[in-house]
Amino acid sequence: MSRYTGKTVVVSGGAEGIGFSIARALGQQGMNVVLGDIDRSTLAKAEAQLQQEGIAVLALPLDVVDTKQWHALAEQAIARFGAIHMLVNNAGIGSGVGKLEDASIDDWRWAIDVNMVGVLNGAQCIVPHIKAHGEGGWLLNVASMAGMSGVPFAGAYTATKVAVVGMSEAWAGELAADNIRVSVLCPAFVKTRIHLSERNRQQAYKSNNNRFENTTAAANASGPAQLVEAGIPAELVGLRVVEALDAGEFYIFTHPSHRKHMKKRFEAIDKAFVKAASSPILQGIDDPEITNFV
5 MSRYTGKTVV VSGGAEGIGF SIARALGQQG MNVVLGDIDR STLAKAEAQL
55 QQEGIAVLAL PLDVVDTKQW HALAEQAIAR FGAIHMLVNN AGIGSGVGKL
105 EDASIDDWRW AIDVNMVGVL NGAQCIVPHI KAHGEGGWLL NVASMAGMSG
155 VPFAGAYTAT KVAVVGMSEA WAGELAADNI RVSVLCPAFV KTRIHLSERN
205 RQQAYKSNNN RFENTTAAAN ASGPAQLVEA GIPAELVGLR VVEALDAGEF
255 YIFTHPSHRK HMKKRFEAID KAFVKAASSP ILQGIDDPEI TNFV
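According to the working numbering, the sequence shown holds residues 5 to 298 in order.
Check before you lean on any hint, since a few could be wrong.
[What the hints assert, rightly or not] Lysine to aspartate or glutamate pairs mimicking DMTMM-like chemistry, simulated, CA-CA at most 20 Å apart: (1) 49 x 67; (2) 210 x 43; (3) 135 x 105; (4) 210 x 110; (5) 49 x 20; (6) 135 x 110; (7) 49 x 239; (8) 275 x 291; (9) 210 x 117; (10) 135 x 79; (11) 135 x 182; (12) 210 x 67; (13) 275 x 293; (14) 210 x 70; (15) 264 x 274; (16) 72 x 117; (17) 279 x 290; (18) 72 x 43; (19) 279 x 293; (20) 210 x 105; (21) 210 x 291; (22) 279 x 291.
Because the hints were derived from the structure by calculation, they are not lab data. All values derive from a computational prediction rather than experimental measurement.
Construct all of the structure, not just a fragment, from the sequences and the given hints.
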């Protein structure tokens, strides 16, 4: 019997792509699956597929920006399955390619509200339910390799994914006492429809000033679409997540070739600390060490 058998996972953005692959992989391990997604037609197809595979599933509409929808989902999930043991904060939007001056404030607010505030909304709604039953559980936040190293011409997306990594690091220490294990998934390019995120842009983030919105199709024609199409299959990400959760990994990576880029970044950071340590300006300063990092 799997450690996941009979337990329940909530997956935001669970109707397709990475979210669906994680939901399916965990369902195959015996978990009850609650799919939340803003795209109702795709959600219905995902629910039907999991049902055909014998996975216990509940599919509910979810705009992660809307806290009322989060709480409604939690209530229905508990009514159906009794308790929630895992949250996968997966829902997110891609920012495409664009210059700093081409993004309107609505573009930034859209990215921040979905990619960052959506993660906060999910955690604030679901984690108390996991704490309540006292059995422990899991919180998996989906970030990106962009959360580990800034991506030029994708400022809004990068900023939100860096935030998700930081939130995960903070919550890992905070939730350990409740036996809730936190992990953060940082994939690079995966074959999904994230480059078509504009199809789900909520009305609140649309305006005549959305220069990025108006240029997304042209940018994707030669840039992100090709990179995404060349990405790894989403199915592999779900399998990798189960493997990593079993091993208790905090940082979950799917593209080991990116290690060399991370190594360069860490070396640059280390050199910056060395320079700070040798600065005459900073000599003799009392610098208490912070020891509660992940």
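Hint-by-hint comparison with the structure:
1. As the CA atoms of residue 49 and residue 67 are separated by approximately 18 Å, the hinted pair is consistent with the 20 Å bound.
2. With a C-alpha separation of about 18 Å, the suggested pair residue 210 and residue 43 falls inside the 20 Å cut-off, and the hint holds.
3. Note on residue 135 and residue 105: the hinted pairing is violated, with a Cα-Cα distance of about 44 Å set against a maximum of 20 Å.
4. Pair hint residue 210 plus residue 110 holds up; C-alpha atoms about 7 Å apart against a cutoff of 20 Å.
5. With a C-alpha separation of about 9 Å, the suggested pair residue 49 and residue 20 falls inside the 20 Å cut-off, and the hint holds.
6. At roughly 35 Å between alpha-carbon atoms, residue 135 and residue 110 are farther apart than 20 Å, so this suggested pair is violated.
7. Between the alpha carbons of residue 49 and residue 239 the distance comes to roughly 16 Å, so the proposed pair stays at or under 20 Å and holds.
8. A C-alpha spacing of about 18 Å is found between residue 275 and residue 291, which places the hinted pair at or below 20 Å, so the restraint holds.
9. Between residue 210 and residue 117 the CA atoms are separated by roughly 13 Å; this keeps the pair inside 20 Å, and the hint holds.
10. Taking the CA atoms of residue 135 and residue 79, the gap is about 15 Å. The hint holds against a cut of 20 Å.
11. Distance restraint check for residue 135 and residue 182: the Cα-Cα separation of roughly 6 Å lies within the 20 Å cut-off, and the hinted pair is therefore satisfied.
12. Distance hint between residue 210 and residue 67 is fulfilled; the C-alpha atoms sit about 16 Å from each other, no more than 20 Å.
13. For the hint linking residue 275 to residue 293, the alpha-carbon distance of about 19 Å falls within 20 Å, and the restraint holds.
14. Taking the CA atoms of residue 210 and residue 70, the gap is near 17 Å; set against the 20 Å cutoff, the hint holds.
15. For the hint linking residue 264 to residue 274, the alpha-carbon distance of about 15 Å falls within 20 Å, and the restraint holds.
16. For the hint pairing residue 72 with residue 117, the CA-to-CA distance comes to about 15 Å; that is within 20 Å, so the pair holds.
17. Distance hint between residue 279 and residue 290 is fulfilled; the C-alpha atoms sit about 17 Å from each other, no more than 20 Å.
18. With a C-alpha separation of about 17 Å, the suggested pairing of residue 72 with residue 43 holds against the 20 Å cut-off.
19. Of the pairs offered as hints, the one joining residue 279 and residue 293 holds, with about 18 Å between alpha carbons and a cut-off of 20 Å not exceeded.
20. Our distance criterion of 20 Å between C-alpha atoms is met by residue 210 and residue 105, whose separation comes to about 17 Å.
21. At most 20 Å may separate the alpha-carbon atoms for a hinted pair to count; residue 210 and residue 291 exceed this at roughly 47 Å.
22. A C-alpha spacing of about 16 Å is found between residue 279 and residue 291, which places the hinted pair at or below 20 Å, so the restraint holds.
Figure legend: structure checked against the earlier numbered hints; hints not met, in rising order: 3, 6 and 21.
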